[in-house]
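Participant: Now for the letters of each chain:
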Amino acid sequence: MVESVCMDCHRLVAGQECPVCGTTNLSNDWSGLLVIVDPEKSEIAKKIGVTIPDKYALKVR
Amino acid sequence: MSEDSAIFVIKTTANQERSVAGMLAKVAKKDNLDIRALLAPDELKGYVLAESSNSGEVEQAIQTVPHARAVVKGQSSMEEIMHFLTPKPTVTGITEGAIIEVTSGPFKGEKARVKRVDEGHEEITVELFDAVVPIPITIRGDTVRILRKEEE
Ligand SMILES: [Zn+2]
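Read top to bottom, the protein sequences are chains A and B. Quick note: our numbering has the first sequence finishing at residue 61, numbered continuously throughout. Quick note: our numbering has the second sequence finishing at residue 213, numbered continuously throughout.
Simulated from the structure, these hints should not be mistaken for lab results. Ideal placement from N, C-alpha and C gives every residue a C-beta, glycine not left out. Wrong hints could be hidden among the right ones.
[As the list claims (entries may be wrong)] Covered by chain A, according to a simulated footprint, are these stretches of chain B (three or more residues, beta-carbon under 8 Å):
hint: 1; stretch: 83-90
hint: 2; stretch: 160-172
[As the list claims (entries may be wrong)] One-sided excerpt, in silico: chain A residues whose CB lies under 8 Å from chain B:
hint: 3; residue: I36
hint: 4; residue: K41
hint: 5; residue: S42
hint: 6; residue: A45
hint: 7; residue: K55
Whenever a hint applies, use it, and build me the whole structure from the sequences.
Facilitator: Laid out in structure tokens, this is it:
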């Protein structure tokens, strides 16, 4: 299944626009998956400034 | 027990890294396990990284997840995985006239001067120093290392 990624927040998006940013600026060319489960405790989430649990791409082109 | 984050490595079936990461997140949420984040970088074939306070939580989480085979003994630190979070920058910071070294591909190790930067395509056009005739080549911005900013 091909999933798109929001170019702004790197979130994996199922539809045509990012539900958080509201942008339709999506890309299919991404790599590396990051799943944030617990942004309160996650050091990774803190490092990259993510506050919402979700799936993110490490890199979007 | 420490509440600090550590990184645990999970061995997975090849090409199932992303699905394992996704399913582990679901299991962690459902069973209220202390797994804070999961990481499946493309460079790591057959492995998923889990951020957790201890390996027991990770061990428990993988039990019901297909293709999650084992938790590798030992743990890594945040520092060791930081480079996955900040993938090599694209062309940002590369300017015309800069001296770069190519870090991968057929021209690996070659030094070159940047002629043109294409931010939209994340490509740069460079001229190799050692070429007999300086032919411009176009390469991806993430396959170079800046040695010197533009010459004055
Ligand atoms: Zn977004």
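Participant: Hint numbers the structure violates, sorted upward?
Facilitator: Checked against the structure, the only hint that fails is number 2, while the rest are satisfied.
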